[in-house]
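Starting from the given sequences, assemble the full structure and let the hints guide the process.
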Amino acid sequence: MRNESITETVVWAVAEAKGVDPLDLDAPLYDSVDPDALQRILDAESFEGQIGFSLAGCDVTVHHDGRVVVAGGAEAAASEPSASPVSQG
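Take 0 as the starting number for the sequence shown in numbering that gives the first Met the number 0 and just add one per residue.
Calculated from the structure, these hints are not laboratory results.
For glycine and all other residues, C-beta sits at the position ideal for the given N, C-alpha and C.
Among the hints, a few may not be true.
[Claimed, not checked] Computed spacing ranges between beta-carbons, pair by pair:
id, residue 1, residue 2, range
1, G18, S45, 23 to 29 Å
2, F46, G18, 18 to 24 Å
3, D20, E44, 31 to 37 Å
4, E7, G48, 19 to 25 Å
5, E3, D30, 27 to 33 Å
6, V19, E47, 18 to 24 Å
7, S53, E7, 16 to 22 Å
8, D20, F46, 27 to 33 Å
9, H63, D23, 26 to 32 Å
10, D64, Y29, 32 to 38 Å
11, L22, A43, 19 to 25 Å
12, S53, D20, 17 to 23 Å
13, A43, G18, 31 to 37 Å
Written out as structure tokens, the structure reads:
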């Protein structure tokens with residue numbers, strides 16, 4: 000399990016869903032969401048919801064407990080929509 004920030008977890012999860020290297024994503028994270036603001040929101044003890052946004056053609060949901068769910072990607076283009084849950088470690 001990787002020890003990484005939530006922003007790294009998001010990038011890795013989207014790259015995995017698309018079947019590419021994280022450096023090969025066609026859009027940087029900061030084009031979709033402010034990475035520092037995302038981290039601050041999730042670090043707030045009072046936050047109990049989820050944040051959703053699109054990144055590189057995928058729908059991303061980040062839950063208050065650090066779970067990242069990615070819908071779309073390479074599998075979805077070939078068949079039906081998929082969701083790839085990834086837990087932050």
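Legend entry - Non-conforming hints, listed in increasing numerical order: 1, 2, 5, 6, 10 and 11
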